[in-house]
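K.L.:
If you want the building blocks of each chain, they are given just below.
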Amino acid sequence: DTEVTQTPKHLVMGMTNKKSLKCEQHMGHRAMYWYKQKAKKPPELMFVYSYEKLSINESVPSRFSPECPNSSLLNLHLHALQPEDSALYLCASSPILPRGERGEKLFFGSGTQLSVL
Amino acid sequence: EDKVVQSPLSLVVHEGDTVTLNCSYEVTNFRSLLWYKQEKKAPTFLFMLTSSGIEKKSGRLSSILDKKELFSILNITATQTGDSAIYLCAVEAATGGFKTIFGAGTRLFVKA
Chain U
15 DTEVTQTPKH LVMGMTNKKS LKCEQHMGHR AMYWYKQKAK KPPELMFVYS YEKLSINESV
75 PSRFSPECPN SSLLNLHLHA LQPEDSALYL CASSPILPRG ERGEKLFFGS GTQLSVL
Chain F
658 EDKVVQSPLS LVVHEGDTVT LNCSYEVTNF RSLLWYKQEK KAPTFLFMLT SSGIEKKSGR
718 LSSILDKKEL FSILNITATQ TGDSAIYLCA VEAATGGFKT IFGAGTRLFV KA
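These protein sequences, in sequence, are chains U and F. Heads up, the final residue of the first sequence is numbered 131 in my numbering, and it's a clean run with no missing numbers. Heads up, the final residue of the second sequence is numbered 769 in my numbering, and it's a clean run with no missing numbers.
Mixed in with the good hints, there may be bad ones.
[Stated by the list, open to error] Some chain U residues close to chain F (C-beta under 7 Å, calculated; not the full set): (1) Pro75; (2) Phe122; (3) Ser124.
[To be verified] Some, not all, of what chain F presents toward chain U, calculated at C-beta under 8 Å: (4) Pro665; (5) Pro700; (6) Met705; (7) Lys725; (8) Phe759.
Hints are computed from structural coordinates only; laboratory data are not their basis. The beta carbon of each residue, even a glycine, is placed where N, CA and C say it ideally should be.
Using the sequences provided together with the hints, build the complete structure.
P.N.:
In structure tokens, the structure reads:
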């Protein structure tokens, strides 16, 4: 299994809603990532988990709350989002962190297209 | 400030044409340069380059890195409509552990 699976594929939410994005991989990777990608822009790193511990938070607003319940799962909890948070949210994994020759390739999921109304 | 610049930003060609996509970078503590193809949603890995002058090849795609001039090119020969995608260049830097810097991408459209 060489896939990173993200659910849901599409999500529409209001500014007062609470929702969660889910990401799962069964490749035994120990590093998992959340990226945000706006239209016609490159992916921007949000969070990195290494061995289920938060390793990097790229100054992301607290209305985004990541969670790594185990080595295969990564969640992103959303609360009180703004319309400008509408974007494609990509999850990725890599074998290890810090990434050396083995670990530098990222495996991406298909993303969740989020619209905040 | 670390940056990765891709050119052109968009490109329209006909099937059978050869295209060259460019990626230049300025980063501290360069580790590697990677190319990804993003068709609908998920970027998929194409190449990882760490050494200058060594061409990586996969079918009709090839890529090479020049660490002296700080750039890489991605060549696609005999293009097909299935090559239509966004091609992302990313540079790994050993800054504070690691850091991935993505370029804005080149949007390639291959006409039948």
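K.L.:
Hints first: check each against the structure and report whether it holds.
P.N.:
Taking the hints in turn, this is what the structure says about them:
| no. | hint | in the structure |
| --- | --- | --- |
| 1 | Pro75 | 21 Å, violated |
| 2 | Phe122 | 4 Å, holds |
| 3 | Ser124 | 4 Å, holds |
| 4 | Pro665 | 14 Å, violated |
| 5 | Pro700 | 5 Å, holds |
| 6 | Met705 | 6 Å, holds |
| 7 | Lys725 | 21 Å, violated |
| 8 | Phe759 | 4 Å, holds |
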